[in-house]
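**Q** Now for the letters of each chain:
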Amino acid sequence: MNSEAIKNGARYFIAIAIVAVFVFPIAWFALTSIKPVSAVFNKDRVVVFDFKPTFDNYRVTILGGRKSDTNSSSSILMGTSGEGAYDGRGAIASSLIIAVCSTILATTISLLAAYALSRLNFRGSQGYMHWILSQRFLPPIAIIIPLVFIFRDLGLRDTHFGIIIAHTLINIPIALLILKSFFDDVPKEVDQAAMIDGATRFQCFYMVVLPMVKGGVAATAVLCFIFSWTEFLLSLFLTNSIRTIPVKITTFVTSTGSEWGYISALGTAAIIPGFIFILLVQKHLVRGLTMGAIKD
Amino acid sequence: MASVKISNLEKAYGAIKVLHQLDLDVEEGKFVVLLGPSGCGKSTLLRMIAGLESVTGGDIYFDDKRVNDVHAKDRNIAMVFQNYALYAHMSVRKNMAFSMRLNKTDKKTMDEKVNWASSILGLDDYLDRLPKELSGGQRQRVAMGRAIVRDPEVFLFDEPLSNLDAKLRVQMRTEIKDLHQRLKTTTVYVTHDQIEAMTMADEVVVMRDGIIEQSGTPMKIYDKPNNLFVAQFIGSPTMNIIKCQVTEENGTRYAALDKLRLPLPDDRDLQVGQALYYGVRPEHFKISKAAHDINASSSLTGIIKVVEPTGPETHVYLTLADENLCAITRERIEMKPGDEIHLQPDVSHVHLFDGETKNAI
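From first to last, the protein sequence lines are chains A and B.
Okay, so the first sequence: first residue is 1 according to our numbering, each after it adds one.
Okay, so the second sequence: first residue is 1 according to our numbering, each after it adds one.
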């Protein structure tokens, strides 16, 4: 065995080990979601594959089935919450509305701002960039109390619109920075060529530069979506009745125990939209769309 | 087509002035090359003509119309950039048709013009390809195609060949010149490559530090440089310059440097003791291995450092009284480094520049 083969083997081993570290919790989580309670809470041994799969957890959390109809004995183990307490359909709808709307808003606003910051020279533009970046210095928990009062006074608390605004505001700085770097990669001469061809500034942006950075826009939108989809703190403090998925899942941890079956079922289901979204845009996630515009 | 007139043009970025009261006339249909070293302001001047830079002072006219405040999109110019600046997401056809699409030109005219441009530029087979699927030369042709379909008043080129390899550059140079001869559109072309300037231009404008040092036909600039800078900037290999002093011995005036005596032309007004720069182009040295082959009275003897045969001619780098010089010969002379070589400047082609002002005498 030559040293090249050993190197290759070691490379694959390390790659597989790293991937396994990240994939294992998700796989275990997904596996738990189809286990009966007896397999989840087995005191004698860890049940890996030797159980009879059940979709009861999904039936209750994402199809709105009655908990009392399940074959599992979790209600006996955990005590019984009210019927419908484990129905995650409302949370999924809320999360979708909030994540999609805040992603669209944050991406649109950031796109226009990033283009302006990348292309227009104006006094203080550098300082403005630093100020935008500084908005991410504070952890959200530090501003949560004033935010709750402000949102209450504005009548935005416990509304979809309120959470959308909150998530948009949190997403804008990072989206702006990422998009600006993509715009900076497109040479200014491309805009100038378009202008000489007769385009207005907005036509330059819309018809020429934007299509050249669509990979960056997709990447930014994915990041915004994932942030909003998984965000917990703001959603918890700014809502009472509207529950996003992360907040809803915490309600499955009750005073009498944790409903691991339901937690894992709704959690696994929650991965799916993000996963689909990433699959749809993954071909845009690779940079290089501007290739060919200029001398490489 | 339009003529371009520049009058007292100035450009400043804050307190830093980059162009100083420039005057320039580009006649209708002419090919004018702005030539100068990096940072001389030639690209800034071109971008001001294009409307991509604001004007600090002075005026720009297209024919008799002042265009200082006319937006780039309304100047009816076309510009080819150094890095091509193609629209990467559009096919060659769409790149070329973009300006017509903005003008809402009908599809038939659009197709006709694109096909006309692509046939001129040899792009017929590439119309549906994306820029990334083309070579550097093809991309540059697309950039030119995008410019010519617009039938512009003025063509502007900003170092369009700098990114191409040497062979392609020569080929594209010929193509651009051929294109200009066919279309006869007024053209302003920026380059720092004096060979490009010499080969393509009807008129060369040599710039330095934001001023125009000299303008004229390529041969006029080459044969009659106004000053030392122009003399050294134009020509490859560069003109040999020896700093010396006018001296008189036995009733004959020479340009002297230590023991070196260089013959002076009779038709110049020179004073004994006057400091001057003595300039000889490499091809204006006659060289020989034997002293008797050339006029012995004005023969100089140097030591060969490097011999560079290029095929049609040989470049000989030598030292003469501690001065490094270059001579070019078309004769096949056996030479090697370390050999003595006799050389004689052609007095009728000697350039003299004042030692202080550096202007031509």
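Honestly, I wouldn't trust all of these hints.
A short list of chain A residues far from chain B (calculated; beta carbon distances all over 10 Å) [unchecked claim]:
no., residue
1, I196
2, T200
3, F205
Each pair of labels, with its calculated beta carbon distance range [unchecked claim]:
no., chain 1, residue 1, chain 2, residue 2, range
4, B, W116, A, K188, 57 to 65 Å
5, B, D63, A, D184, 54 to 62 Å
6, A, T230, B, S119, 52 to 60 Å
7, A, P211, B, K108, 19 to 27 Å
8, A, F22, B, S119, 55 to 63 Å
Incomplete in silico selection of chain A near chain B, CB under 7 Å [to be verified]:
no., residue
9, L31
10, A193
11, M195
12, D197
13, G198
14, A199
15, L210
16, P211
These are calculated hints, taken from the structure and not from any lab test.
All C-beta atoms in this analysis are idealised placements derived from N, C-alpha and C, irrespective of residue type, glycine included.
**Q** Evaluate each hint against the coordinates.
**A** Now the hints, each set against the structure:
1. I196: Label violated. Min Cβ-Cβ 5 Å, cutoff 10 Å.
2. T200: Violated, since 7 Å does not exceed 10 Å.
3. F205: 13 Å, holds
4. W116(B) / K188(A): 57 to 65 Å: 30 Å, violated
5. D63(B) / D184(A): 54 to 62 Å: Violated - the Cβ-Cβ distance for D63(B) and D184(A), about 39 Å, lies outside 54 to 62 Å.
6. T230(A) / S119(B): 52 to 60 Å: Once the Cβ atoms are compared, 57 Å apart, the range 52 to 60 Å for S119(B) and T230(A) holds.
7. P211(A) / K108(B): 19 to 27 Å: 26 Å, holds
8. F22(A) / S119(B): 55 to 63 Å: 56 Å, holds
9. L31: 44 Å, violated
10. A193: With a closest approach of 4 Å, the A193(A) hint holds.
11. M195: At about 5 Å, which falls below the 7 Å cut-off, the nearest Cβ of chain B leaves the hint on M195(A) intact, so it holds.
12. D197: Hint on D197(A): holds, closest Cβ of chain B at ~4 Å, below 7 Å.
13. G198: Check passed: Cβ of G198(A) comes within 4 Å of chain B, closer than 7 Å.
14. A199: 6 Å, holds
15. L210: 9 Å, violated
16. P211: Hint holds; P211(A) Cβ to chain B Cβ min 4 Å, cut 7 Å.
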